[in-house]
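Work out the full structure, taking the sequences as your base and the hints as a guide.
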Amino acid sequence: DTAVSQTPKYLVTQMGNDKSIKCEQNLGHDTMYWYKQDSKKFLKIMFSYNNKELIINETVPNRFSPKSPDKAHLNLHINSLELGDSAVYFCASSQAGTTNIQYFGAGTRLSVL
Amino acid sequence: SQQGEEDPQALSIQEGENATMNCSYKTSINNLQWYRQNSGRGLVHLILIRSNEREKHSGRLRVTLDTSKKSSSLLITASRAADTASYFCAPELNRDDKIIFGKGTRLHILP
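Note that the protein sequences, when read in sequence, are chains A and B.
Just so we're aligned, residue 21 is where the first sequence starts under the working numbering, counting upward by one.
Just so we're aligned, residue 2 is where the second sequence starts under the working numbering, counting upward by one.
Simulated from the structure, these hints should not be mistaken for laboratory data.
Take these hints with a grain of salt, some might be off.
[Said to hold, decoys possible] Pair by pair, the computed Cβ-Cβ distance ranges are: (1) T22(A) with A83(B): 18 to 24 Å; (2) N46(A) with R51(B): 24 to 30 Å; (3) T21(B) with L74(A): 37 to 43 Å; (4) H109(B) with R129(A): 41 to 47 Å; (5) Q15(B) with K29(A): 32 to 38 Å; (6) E16(B) with N99(A): 33 to 39 Å; (7) L103(A) with E56(B): 27 to 33 Å.
[Claimed, not checked] Output of the computed footprint for chain A on chain B, the stretches with three or more beta carbons under 8 Å from beta carbons of chain A: (8) 16-22; (9) 99-109.
[Unchecked claim] Below 30 Å or equal to it, Euclidean Cα-Cα: the simulated DSSO-like pairs (lysine-lysine) are: (10) K57(B) with K70(B); (11) K70(B) with K91(A); (12) K27(B) with K57(B); (13) K39(A) with K56(A); (14) K42(A) with K87(A); (15) K91(A) with K104(B); (16) K104(B) with K27(B); (17) K61(A) with K27(B); (18) K42(A) with K60(A); (19) K99(B) with K87(A); (20) K64(A) with K29(A); (21) K56(A) with K104(B); (22) K71(B) with K39(A); (23) K70(B) with K99(B); (24) K70(B) with K60(A); (25) K61(A) with K99(B); (26) K104(B) with K57(B); (27) K64(A) with K27(B); (28) K29(A) with K57(B).
Owing to the predicted nature of the structure, the values given are computational and were not obtained by experimental measurement.
C-beta atoms are modelled at their ideal positions from N, C-alpha and C, and glycine is treated no differently.
And the structure:
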């Protein structure tokens with residue numbers, strides 16, 4: 021049983037398209053995150069949701085829109101994809117009020133052509 | 002500004018040797034975590050050290066924390082081929098409980 025699962029694992033698309041990445045966690049956590057890891061392996065937080073409420077929104081273009089239908093799911097929709105969006109996107113979850121240990125999904129490798 | 006900067010960026014050692022990675026951060030923290038990332042995979046939590054702790058052990062891992070120098074180190078003893086991965090430190094900032102990752106140290110264990 022995968023604790024944090026995200027789909028798809030690979031995503032290849034043309035510039036200008038709109039795409040979504042889905043994430044689900046079965047750990048019962050109340051906080052979920054989206055991270056972007058670039059080609060230099062720098063891992064940067066994009067968004068964080070706690071109980072479906074947005075709590076962290078770093079400086080991310082508004083073409084990126086997270087959506088949390090419930091606390092077990094956090095999806096990421098990206099409009100008008102650009103070449104610079106190519107990266108690996110990771111979903112993670114944690115339980116607030118504890119040690120904030122994060123559990124990561126396997127990542128979605130997005131390639132924009 | 003970037004927190005959790007690891008040093009060195011890359012490290013190659015012979016199997017059986019010890020590997021030491023360092024981490025520096027800039028502001029007060031609640032705790033500091035270390036994660037491992039195998040190629041093509043997500044990060045996996047290894048160990049957490051609280052701000053009032055100075056050293057912690059878990060199996061072949063030893064973590065130290067010096068809050069006066071705002072630095073931490075991760076020591077892996079008796080390295081194995083399976084330890085080949087990238088290692089990230091992640092300080093949890095005191096001001097907003099946010100965890101900040103750096104670029105990691107790429108560790109390569111030579112057979």
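Taking the hints in turn, this is what the structure says about them:
Taken as a hint, the range 18 to 24 Å holds for the pair T22(A) and A83(B), whose Cβ atoms sit roughly 21 Å apart. Between N46(A) and R51(B) the beta carbons are some 28 Å apart, a value that agrees with the proposed interval 24 to 30 Å. Restraint check, T21(B) to L74(A): a C-beta distance of roughly 39 Å satisfies the suggested window 37 to 43 Å. Checked against the given bound of 41 to 47 Å, the beta carbons of H109(B) and R129(A), roughly 22 Å apart, lie outside it.
In this structure the hint that Q15(B) and K29(A) lie 32 to 38 Å apart at CB holds, the actual value being about 34 Å. In this structure, E16(B) and N99(A) break the distance hint of 33 to 39 Å, their C-beta atoms being roughly 48 Å apart. Under the hint 27 to 33 Å, the C-beta atoms of L103(A) and E56(B), about 46 Å apart, miss the expected range. Counting residues of the region 16-22 of chain B whose beta carbon lies closer than 8 Å to any beta carbon of chain A gives 0, which falls below the threshold of three, so the coverage claim is violated.
Counting residues of the region 99-109 of chain B whose C-beta sits closer than 8 Å to any C-beta of chain A gives 8, which meets the bar of three, so the coverage hint holds. For the hint pairing K57(B) with K70(B), the CA-to-CA distance comes to about 17 Å; that is within 30 Å, so the pair holds. At most 30 Å may separate the alpha-carbon atoms for a hinted pair to count; K70(B) and K91(A) exceed this at roughly 38 Å. Taking the CA atoms of K27(B) and K57(B), the gap is near 21 Å; set against the 30 Å cutoff, the hint holds.
The hinted pair formed by K39(A) and K56(A) meets the criterion: a straight-line CA distance of about 15 Å does not exceed 30 Å. Of the supplied pair hints, the one linking K42(A) and K87(A) holds, its CA atoms being roughly 9 Å apart against a limit of 30 Å. Proposed proximity of K91(A) and K104(B) is supported: the alpha carbons are some 29 Å apart, at most 30 Å. For the proposed pair K104(B) and K27(B), the alpha carbon gap of about 15 Å is at most 30 Å, so the pair holds.
For the given pair, K61(A) sits about 20 Å from K27(B) by alpha-carbon distance, which is consistent with the 30 Å threshold. A hinted pair counts as satisfied when its Cα atoms are at most 30 Å apart, and K42(A) with K60(A) qualifies at roughly 24 Å. A threshold of 30 Å between alpha carbons decides the hint, and for K99(B) with K87(A) the separation of about 20 Å falls inside it, so the pair holds. Proposed proximity of K64(A) and K29(A) is supported: the alpha carbons are some 19 Å apart, at most 30 Å.
The hinted pair formed by K56(A) and K104(B) meets the criterion: a straight-line CA distance of about 12 Å does not exceed 30 Å. Note on K71(B) and K39(A): the hinted pairing is violated, with a Cα-Cα distance of about 41 Å set against a maximum of 30 Å. Distance hint between K70(B) and K99(B) is fulfilled; the C-alpha atoms sit about 20 Å from each other, no more than 30 Å. Among the hinted pairs, K70(B) with K60(A) is consistent with the structure: their alpha-carbon atoms are about 27 Å apart, no more than 30 Å.
The suggested pairing of K61(A) with K99(B) holds, with an alpha-carbon distance near 19 Å, which does not exceed 30 Å. At most 30 Å may separate the alpha-carbon atoms for a hinted pair to count; K104(B) and K57(B) meet this at roughly 23 Å. Simply put, K64(A) and K27(B) have alpha-carbon atoms about 17 Å apart, close enough for the 30 Å limit, and the pair holds. At roughly 35 Å between alpha-carbon atoms, K29(A) and K57(B) are farther apart than 30 Å, so this suggested pair is violated.
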